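Visitor: Chain residues, written in single-letter form:
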Amino acid sequence: DQQVKQNSPSLSVQEGRISILNCDYTNSMFDYFLWYKKYPAEGPTFLISISSIKDKNEDGRFTVFLNKSAKHLSLHIVPSQPGDSAVYFCAASANWYSSASKIIFGSGTRLSIRP
Amino acid sequence: GAVVSQHPSRVICKSGTSVKIECRSLDFQATTMFWYRQFPKQSLMLMATSNEGSKATYEQGVEKDKFLINHASLTLSTLTVTSAHPEDSSFYICSARDPAGVSYEQYFGPGTRLTVT
Numbered sequence: 001d002q003q004v005k006q007n008s009p010s011l012s013v014q015e016g017r018i019s020i021l022n023c024d025y026t027n028s029m030f031d032y033f034l035w036y037k038k039y040p041a042e043g044p045t046f047l048i049s050i051s052s053i054k055d056k057n058e059d060g061r062f063t064v065f066l067n068k069s070a071k072h073l074s075l076h077i078v079p080s081q082p083g084d085s086a087v088y089f090c091a092a093s094a095n096w097y098s099s100a101s102k103i104i105f106g107s108g109t110r111l112s113i114r115p
Numbered sequence: 001g002a003v004v005s006q007h008p009s010r011v012i013c014k015s016g017t018s019v020k021i022e023c024r025s026l027d028f029q030a031t032t033m034f035w036y037r038q039f040p041k042q043s044l045m046l047m048a049t050s051n052e053g054s055k056a057t058y059e060q061g062v063e064k065d066k067f068l069i070n071h072a073s074l075t076l077s078t079l080t081v082t083s084a085h086p087e088d089s090s091f092y093i094c095s096a097r098d099p100a101g102v103s104y105e106q107y108f109g110p111g112t113r114l115t116v117t
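In order, the protein sequence lines correspond to chains L and C. Under the numbering used here, the first residue of the first sequence carries the number 1, and numbering increases by one thereafter. Under the numbering used here, the first residue of the second sequence carries the number 1, and numbering increases by one thereafter.
Rather than coming from a laboratory, the hints here were simulated on the basis of the structure. Only a predicted model underlies this, so the values are computations on that prediction, with no experimental measurement involved. Where a beta carbon is used, it is the ideal one built from N, C-alpha and C, also for glycine. A portion of the hints provided could be inaccurate.
What the hints assert, rightly or not - Listed next, the stretches of chain L that the computed footprint assigns to chain C, with coverage defined by at least 3 CB atoms under 8 Å from CB atoms of chain C:
id, segment
1, 38 to 51
2, 95 to 102
3, 105 to 112
I would like the entire structure built from these sequences, with the hints used as guidance.
Guide: Here is the structure:
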């Protein structure tokens with residue numbers, strides 16, 4: 001049973017435009033959500049996160065939106081740059097401020113930025 | 001920022017042998033570390049939670065006798081794949097949480113590519 005779902009395995013966006021990556025979750029106990037960027041044969045790199053008490057968090061070109069009622073979050077990247085091409089993982093955690101809280105990952109979306 | 005290292009970065013072993021992978025938190029103490037596994041073009045699957053000074057907690061479906069985890073100190077956790085078989089070939093990633101960090105973030109290591117021949 002996948003608790004975190006990324007239904008789009010790939011996305012292609014023109015450079016300079018907005019990239020929107022979507023994620024759905026099923027576990028209502030999740031209280032913290034994260035986005036990671038990953039290149040092949042490397043560990044994930046943290047991008048941005050959001051607590052369940054918020055509906056938006058912005059950091060430079062990256063903005064994460066959370067819709068708790070729909071159990072949906074999205075990552076917006078604007079403007080998209082060639083260096084943004086990578087696999088993006090949505091992740092979620094319950095009891096985030098517990099030292100043993102686990103991060104559950106979605107299946108990832110491969111973002112390609114075309115010139 | 002906080003750094004987590006893994007050693008080795010890649011290893012090739014023969015079927016039936018055991019392989020040990022190390023995960024270290026370099027500039028912070030981690031009472032809890034996590035081990036993940038990633039198959040090609042798939043998500044990161046949590047295998048187990050490594051607890052310093054106590055037994056690891058394994059996720060459902062993960063064989064604890066196959067994947068031995070030892071968290072002997074606050075900066076080191078090891079994953080030993082025992083009697084490795086080709087189906088154990090995968091990318092193994094560890095992570096550690098900095099409980100003293102402002103963001104309470106979890107930091108990931110660079111991963112270890114295991115190939116069993």
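Visitor: Now, for every hint given, state plainly whether the structure supports it.
Guide: Structure-based check of each hint:
1. 38 to 51: With 7 residues close enough to chain C, the hint holds.
2. 95 to 102: holds (count 5)
3. 105 to 112: holds (count 4)
Of the numbered hints stated above, none is contradicted by the structure.
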